[in-house]
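Student: Each chain, written out:
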Amino acid sequence: MVPITTHLARPVRRLAAAAIFGLAAALSGAPAFADVTILNVSYDPTRELYKAYDEAFAAYWKEKTGETVIVDQSHGGSGAQARAVIDGLNADVVTLALAADIDAVVSKSGKIPANWATLLPANSTPYTSTIVFLVRKGNPKGIKDWDDLVKDGIQVVTPNPKTSGGARWNYLAAWAYANAKFGGDEAKTREFVGKLYKNVPVLDSGARGSTTTFAQRGIGDVLLAWENEAFLAINELGPDQFEIVTPSLSIKAEPPVALVKGNTDAKGTTKVAEAYLEYLYSDPAQKIIAKNYYRPEKPEAADPEDLKRFADLKLVTIDDPQFGGWAKVQPAHFADGGIFDQIYKPGQ
Amino acid sequence: MTATAISAWRKPSVIPGFGLALGFTLAYLSLIVLIPLGGLVLRTVGMGWPQFLAIALDPRTLAALRLSFGASAIAAAVNTVFGLIVAWVLVRYDFPGRKIVDAVVDLPFALPTAVAGIALTAIYAPNGWVGQYASAFGIKIAYTPVGVFIALVFIGLPFVVRTVQPVLEDMDREVEEMAATLGAQRWTTVRRVVLPTLVPALLTGFALAFARAVGEYGSVIFIAGNIPYVSEIAPLLIVIRLTEFNYAAATAVASIMLALSFVLLFAINLLQAWSRRRLSHG
Amino acid sequence: MADVAVPSGAVFTGAATEKRAVRIALTTVALVFLAIFLLLPLVSVFYEAFRSGFGVFLKAISDRDTLAAVRLTVLVAAVSVPANLIFGLAASWAIAKYEFRGKSFLITLIDLPFSVSPVTSGLIYVLLFGAHGYLGPFLQSHGIQVIFAVPGIVLATIFVTFPFIARELIPIMQAQGTQDEEAALSLGASGWRVFFRVTLPNVKWALLYGVLLCNARAMGEFGAVSVVSGHIRGKTNTMPLQVEILYNEYSYQAAFGVASLLALLALVTLIIKTVLEWRYAEEIAATRRH
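Residue numbers (UniProt numbering), protein chains in the order written: chain A, 1 to 348; chain B, 1 to 282; chain C, 1 to 290.
Hints are supplied without guarantee of correctness; some may be wrong.
[As the list claims (entries may be wrong)] Chain B is nowhere near these chain C residues, computed Cβ spacing over 12 Å in every case:
{"id": "1", "residue": "G55"}
{"id": "2", "residue": "V56"}
{"id": "3", "residue": "L58"}
{"id": "4", "residue": "K59"}
{"id": "5", "residue": "S62"}
{"id": "6", "residue": "L67"}
{"id": "7", "residue": "I144"}
{"id": "8", "residue": "Q145"}
{"id": "9", "residue": "F162"}
{"id": "10", "residue": "G234"}
[What the hints assert, rightly or not] List time: in silico EDC-like cross-link candidates among lysine to aspartate or glutamate, alpha-carbon distance up to 20 Å:
{"id": "11", "chain 1": "C", "residue 1": "K59", "chain 2": "A", "residue 2": "E48"}
{"id": "12", "chain 1": "B", "residue 1": "K140", "chain 2": "A", "residue 2": "D152"}
{"id": "13", "chain 1": "A", "residue 1": "K51", "chain 2": "C", "residue 2": "D111"}
{"id": "14", "chain 1": "A", "residue 1": "K108", "chain 2": "B", "residue 2": "E244"}
[As the list claims (entries may be wrong)] Facing chain C, from chain A, some residues (calculated, C-beta under 7 Å):
{"id": "15", "residue": "D72"}
{"id": "16", "residue": "Q73"}
{"id": "17", "residue": "S74"}
{"id": "18", "residue": "G76"}
{"id": "19", "residue": "A84"}
{"id": "20", "residue": "D87"}
{"id": "21", "residue": "G88"}
{"id": "22", "residue": "L89"}
{"id": "23", "residue": "E236"}
{"id": "24", "residue": "K287"}
If you are wondering where the hints come from, they were derived from the structure by calculation, not from laboratory data. We treat Cβ as the ideally placed atom computed from N, Cα and C, and that holds for glycine.
Work the whole structure out from these sequences, hints included.
Tutor: Rendered as structure tokens:
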């Protein structure tokens, strides 16, 4: 047989050239020079907040120490992010949606000290938020409060509390309202919350997925959302389409932050990572926080204009006797076979 | 190993490089596929029967598996029918743009699943191009099991077309001519002569489309709505269990899926071998 | 195949084809089915990407994180495709050129990754290399990061695209048999020379086809990569993950912008394949006829 290498050579050589070219292109994009890089593993709705904050912190750190710090960000569902850190994602700090997810990292990896909540002011919570309703412009279904969400024919969009931190706050806010309404009658409270979840047509795995379903896909009459997320949605997608309805009672959502000491010690980044979290409580940071629709821990540091946007409403905390903190709530409500599993059985 | 042992194990050949080629193949296969999959099996075995059964028989697990395997079977069946028609039209008929249509069939092979997912969602959501008309008739596509089915049809189609097409191309048309001259109706010829020859290819196509669909994740999660017990597919359940720190459940569901796909693929392989034998004797 | 290269209704107008009406009906069914299920999604990607104009599209795809995702995607494909190419050649050589026991079992094993859900493909590497995995503690004590870093993404991609090239090569090498190689060897050529001068040219089209499909899948893999990525912006997000992230950031235009790049890659893949098939139809038919 005549060698046909010349024929072969052409496509193969071209392919090889393309591969080498691609590789070169891939490698040439070296990251900007940094003295130190830290990784902040956060949950979904904080993207915009940390984009702004990371810049402010980098400027602050440069001025203070002369070091160039680059903060890498990873975002996702709070539970999924905690899982990734447990599995070895090399986070320097975690800024998650709720304390239970940080507790999970504590108990399953030991990389965060058990007393993490006491290491920073305000239970290691530099900002808070609450749960509000986002409805379509003009509020066509006339939704005013939680009672309207359990009516027949109302579609409520909220993510899955088993996978989304925000969804757990949604669930607890509904629970707190029903608890107050029925004077602590647990059977009636369960029935109320169960009825609400019967009205949920799509159960996304994360808060962002739910917002997309509601805003972009036109599903549902009301979206249960973080207050900051609701403002952001209106901002990004147009005030002519949606409006916020503030219920009479909601929950004080506390997304905490913690240093992943096991990782920072190994990487030698403890100092800068600690400073990163401490700086969240500074006046400039609190201003950024309020600007990004989170309720700042120190309102006096924020722009009064920004504060005006937050409605005044009755807020129940997770440490309220009906809940007794995450250590009790997480297993009782959200564990396999817990209260949520008992009341939520669609199609059965 | 002695020389006789080698020759009993493999036929002698003048071509060199057997040791190198097979050695590399086995090493690479072990490192990339067998050892990691072995880890999965080991974990599953390690959890013991009671825990495994509790997870396997959990209503949510069962619902997810039923949806994944059910929707995949329906999608693969639909693809078998339409894939046959597409292959038939591409091989037997001539029409303008035939070659372009032929090329387009491979699109699902080449298009990333996440891209397919957001595109299908944009089309079939109640405010999408197709979804708005469907919802005018009260039909919901996206965020229901129907959406899952649509995504699975998309990813599975080329498997059937590409397995049936070469068989149709190689088919001896003279047999059909002969049947016709002997007075057989066209439909009878197709049914009695052509289709039986295609059965093995159709089964293979079905099996491939099915196997691919059962495990599909990227294109489905965007369009499914992901409601437990209703539109939550098994691969998503694995991801959700992982998120809940429930490694045992994630591993168990993954193992069940793996085992079920194997059994089904094996069964279909047997069926194929049987139909091939039957054909060669018939 | 070559003798009926363009089989058409016109050739067999006789009894061995369907009535005109049936032909038209079947053709219509096929075309409508393909249009709805395949073309519509493709068109919608480009429509959504360019809905607000080309400027918005350009801005979306020149974002720093998006460019990083493009680089990572190219890097992942540049490692995993050659790896699977070498494997594909070795495996098909071993399987097609020799007779040995357990061969069909080996083929089944090579097919294995194909029937494994992408999510499971990611999971097995987490179970192996994760902090709680079998090798996790060892890797950690040596400061080696596999999952949530580029190596994990590459491994998951190699797993998912594992059978692509081998599966293209095995049947064609089997069909071609060993006569050519035996002839060349009897003329005194060395093994490697036979491989490069005889075998490789004989299978080059199948090889190229396999590489194209493997590359497309490697660049587009979502499920497996999503499980092992860690989603660090600008570092461990591939293009499909970037699509999801942008989609979740209210940046629908940007999401579809990146998606359209991937769709473009798919189109280019198909076009190269089709053009090669047209241009070298004779040659491909010749290699197939062996």
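Student: A separate judgement is required for each hint: does it hold in the structure or not?
Tutor: Hint check:
For G55 of chain C, the non-interface assignment is confirmed: its Cβ lies about 21 Å from the closest Cβ of chain B, beyond the 12 Å cut-off. The beta carbon of V56 of chain C is kept farther than 12 Å from every beta carbon of chain B, the shortest such distance being approximately 17 Å. For L58 of chain C, the requirement that its beta carbon stay farther than 12 Å from each beta carbon of chain B is met, with the minimum near 19 Å. At the 12 Å boundary, the C-beta of K59 of chain C stays outside the reach of chain B, the nearest C-beta of that chain being 19 Å off.
Consistency note on S62 of chain C: stated as away from chain B, and its beta-carbon is indeed over 12 Å from all of that chain's, at 19 Å minimum. Even its closest Cβ contact with chain B, about 18 Å, leaves L67 of chain C beyond 12 Å, as expected for a residue assigned away from the interface. At the 12 Å boundary, the C-beta of I144 of chain C stays outside the reach of chain B, the nearest C-beta of that chain being 16 Å off. A cut-off of 12 Å between C-beta atoms confirms that Q145 of chain C is not in contact with chain B; the least separation is 17 Å.
At roughly 6 Å, the least C-beta separation between F162 of chain C and chain B is not larger than 12 Å, which violates its mark as non-interface. No Cβ of chain B comes within 12 Å of the Cβ of G234 of chain C; the nearest lies about 19 Å off, and the non-interface call holds. With a C-alpha separation of about 18 Å, the suggested pairing of K59 of chain C with E48 of chain A holds against the 20 Å cut-off. Distance hint between K140 of chain B and D152 of chain A is fulfilled; the C-alpha atoms sit about 19 Å from each other, no more than 20 Å.
Taking the CA atoms of K51 of chain A and D111 of chain C, the gap is near 44 Å; set against the 20 Å cutoff, the hint is violated. Between K108 of chain A and E244 of chain B, the direct Cα distance comes to roughly 12 Å. Compliance with the 20 Å bound is thereby established for this hinted pair. Satisfaction of the interface hint for D72 of chain A is found here, the shortest Cβ-Cβ separation to chain C being roughly 5 Å, below the 7 Å cut-off. About 5 Å separates the beta-carbon of Q73 of chain A from the nearest beta-carbon of chain C, less than 7 Å, and the hint is met.
The interface hint given for S74 of chain A is met, as the beta carbon of that residue sits about 5 Å from the closest beta carbon of chain C, less than 7 Å. Taking 7 Å as the C-beta contact cut-off toward chain C, the hint placing G76 of chain A at the interface holds, the least distance being around 5 Å. A least Cβ separation of about 6 Å between A84 of chain A and chain C falls short of the 7 Å threshold, and the interface hint therefore holds. The interface hint given for D87 of chain A holds, since its Cβ lies 4 Å from the closest Cβ of chain C, which is under the 7 Å cut-off.
Annotation: G88 of chain A was flagged as interfacial toward chain C, and the flag holds, the nearest CB pair being 4 Å apart, inside 7 Å. The restraint placing L89 of chain A at the interface with chain C holds, with a minimum CB-CB distance near 4 Å, inside the 7 Å limit. Restraint check, E236 of chain A versus chain C: the minimum CB separation of about 4 Å is within 7 Å; hint holds. Taking 7 Å as the C-beta cut-off, the interface hint given for K287 of chain A is violated, the closest approach to chain C being about 23 Å.
The structure fails hints 9, 13 and 24 (numbered hints given earlier, in ascending order).
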